Structures are given as C-alpha cells and as structure tokens.
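Undergrad: Based on these hints, arrange chain B on the given structure of chain A.
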Amino acid sequence: MHEMALTQSVVEIAVEEARRAGAERITRIVLDIGRLSAVVPEALRFCFEAVAAGTAAEGAALDIEDIEGAGWCLDCGKTVPLEERFGPCPDCAGFKVQMTAGDEMKIRELEVV
Amino acid sequence: MCAVCGCGETAVSPAPGSPQERILRVERDILGKNDRLARENRKAFAERGVFALNFVSSPGSGKTTLLVKTIERLRGRRPVAVIEGDQQTSNDAERIRAAGAPAVQINTGKGCHLDAEMVGHAFDSLEPPKGAALFIENVGNLVCPAAFDLGEAKRVVVLSTTEGDDKPLKYPDMFASADLMLVNKADLLPYVDFDVAVCVANARRVNPRLETLTVSARTGEGLDAFVDWIEAGAE
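If you're matching them up, the sequences are chains A and B in order. Numbering of the first sequence is given in our numbering, commencing with residue 2 and proceeding in unit increments. Numbering of the second sequence is given in our numbering, commencing with residue 130 and proceeding in unit increments.
Chain A with its partners taken away, still in its complex shape:
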C-alpha cells in the first residue's frame, strides 16, 4: 500500500502550490498516471479522501488521466504500444523495447478558488 505515501505526496504538493498561488481551496486535482507505473489508481482514490480531510484539498475532485504505455523497439526501429513494463514488442515479439511512455506519476494541474 505505498499508494498511501503517494497520496500524501499528492496532497502535500497540491496544498503547497495552492498556498503559493494565494488560493483558499482546491476544487480539483488532475493527475497523469501511466498504465505501466507502480500505481493502482483505485488505491489512490481510496486513500485520497482520508488524506485530504482537514486540508485545503478536502472535498476536491480527483481526476486521474490514464496514460497508455509505449516503447521504442530497437529491432523494428519504431514506437510500439506496450502492455507490460518489460513486455515484448507486439510486432516482432522481441524484448529490446525501451519504454517511452506509461510510467508517469505526475500532478498535472489544480483547480482552485
């Protein structure tokens, strides 16, 4: 359940950014979470309400944007979709694939009042 620690980080960063912008309250938090990252979005949602309680992020909507996995296949010389972090190229079945997208764990933006 490291999602608890990640959620604490999300709330901490959001509250800090909102304070710096002079906002009172956070109404929405938008995250980019890659499909190949070590994060389970459902677990983030589960933790969020508890972690946000009593902070400027209490009651905020949590939008989690799902980023699809992609990689550069060295043998095919092109970008291919990636289902697993260390999975094979869907075209040539080889494993010489360098992940180029899908491991994002980012706070993209906030809506504040």
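Please note: incorrect hints may appear among the correct ones.
Okay, derived cross-link-like pairs now, EDC-like style, lysine to aspartate or glutamate, Cα gap no bigger than 16 angstroms in a straight line [said to hold, decoys possible]:
| id | chain 1 | residue 1 | chain 2 | residue 2 |
| --- | --- | --- | --- | --- |
| 1 | B | K259 | B | E360 |
| 2 | B | K162 | A | E13 |
| 3 | B | K299 | A | E84 |
Rather than coming from a laboratory, the hints here were simulated on the basis of the structure. Because the structure is a prediction, the values reported are computed rather than measured.
TA: This is chain B only, laid out in the frame that chain A set:
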C-alpha cells in the same frame, strides 16, 4: 518555471464557468519530494565517504543473516553501520548490534517501504565514521520499495533459492531498479527446484546491466566475492 511566459511563477489562467475558479499548471512529479531528499542523502553520504547499499527482498530471504555474516567478514577492514527497516520489532537491529555494528531501527508501522526522509534522520543519529559501509535493510517487500530512492550508491536485491526462479519476471520493477542480485541460500540448491541460470536469465531480461552473485549466508559460500564487490564499490 512558468510554461507560458517563463516568469518563474506557476502559470495561472481562469477556469471556464466560474469567475473565481482558476487552473494552476503544476506538472510536478508525485515522488519529487522523496527524490529531492534522496539527492540530499546521496550528497551527505558522499561528503562523509560513506558507501550506502539499499538491500531489498521479500520477507524471509535471509537479508539480516547475510548482513551479520558480511559484517563479520568486513571486521578490521571497513567500519559498518546499519539502518534496519521493519514494520514492527527491533529484533533485527539487536542481531546486527550483537554482530558488532551500530544499528538504528526504523519501524514503519503500517508503511510498506523506507523513504528518503526516514533514512536521512536515521543517518543523522547513526553518524557512521568516515569511509564506512552503510547497509540499509529495507522492509521485506518486492513491490513498494522499488519506487523510493533512498540516496544509496547501489541497490542490492536478495532472492533466495526457496522462492522460485521466476521472481524477477513476477516483480520486474524491483529487479529493474537493482544493481546487484544476490541469489541466497545456495546451500539449499540440491533440495529445491531452483535453476540459478534460469533466474539470472529472467533477471537480465528486465535489467541487462544487473550484476549477480550466488551466495549462502549460512555456509559462507560466495560471501568473499560479495565483500570484494563492496570493497571495489567503496573505493
């Protein structure tokens, strides 16, 4: 820096629908704070000439016994200090102290991993001597600790022969993030269906640059090679 005009401030634009609502572009990594503290730890370790190793594995792989035996072999050659992470009890720190090395126990409570902040505080209270090897024994868990940089110089994943040679494929993040894999409990190889060559091949599939050593903390097999690896890295 602001993505709109480069002014160094967070960009602010009005949100549609509400006059007071604003959208703040943030674009910050969720693990950014841990990564920053890890960089500070790395700097503090380097300033004191401390060679820090982060030991990760599933519970019961033999990490603590391995550390005890390694401390015994390093005696007289290099001082060792240990940070022990467990959810509860100080049993492991007591075993390490009995082996003659100073140890700090971190109890994570419900936490499943050590983070850079915990390790930074433990390092401050340990004050290892110059040139020491610092062993950080992470919480036994092959999933969560993979994402948290502690500032270590090298990450060592310990896999025991009773666990199955396909573990690197089942928990690829951990093996992908490691520098060295120790296959422990080699003394049990005659009794288990564990193929070291298959295990190494699986691990290299997720991490082609991974170094590997086969050891037995119980019999001492391979530990001299591990100590040589530490000495080479610490120089």
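Undergrad: Run every hint past the structure and note whether it holds.
TA: Hints and how they fare:
Of the supplied pair hints, the one linking K259 (chain B) and E360 (chain B) holds, its CA atoms being roughly 14 angstroms apart against a limit of 16 angstroms. About 10 angstroms separates the Cα atoms of K162 (chain B) and E13 (chain A), which keeps this hinted pair within 16 angstroms; it holds. Between K299 (chain B) and E84 (chain A) the alpha-carbon distance is near 15 angstroms, which keeps this suggested pair within the 16 angstroms criterion.
Every hint from the earlier list agrees with this structure, and none is contradicted.
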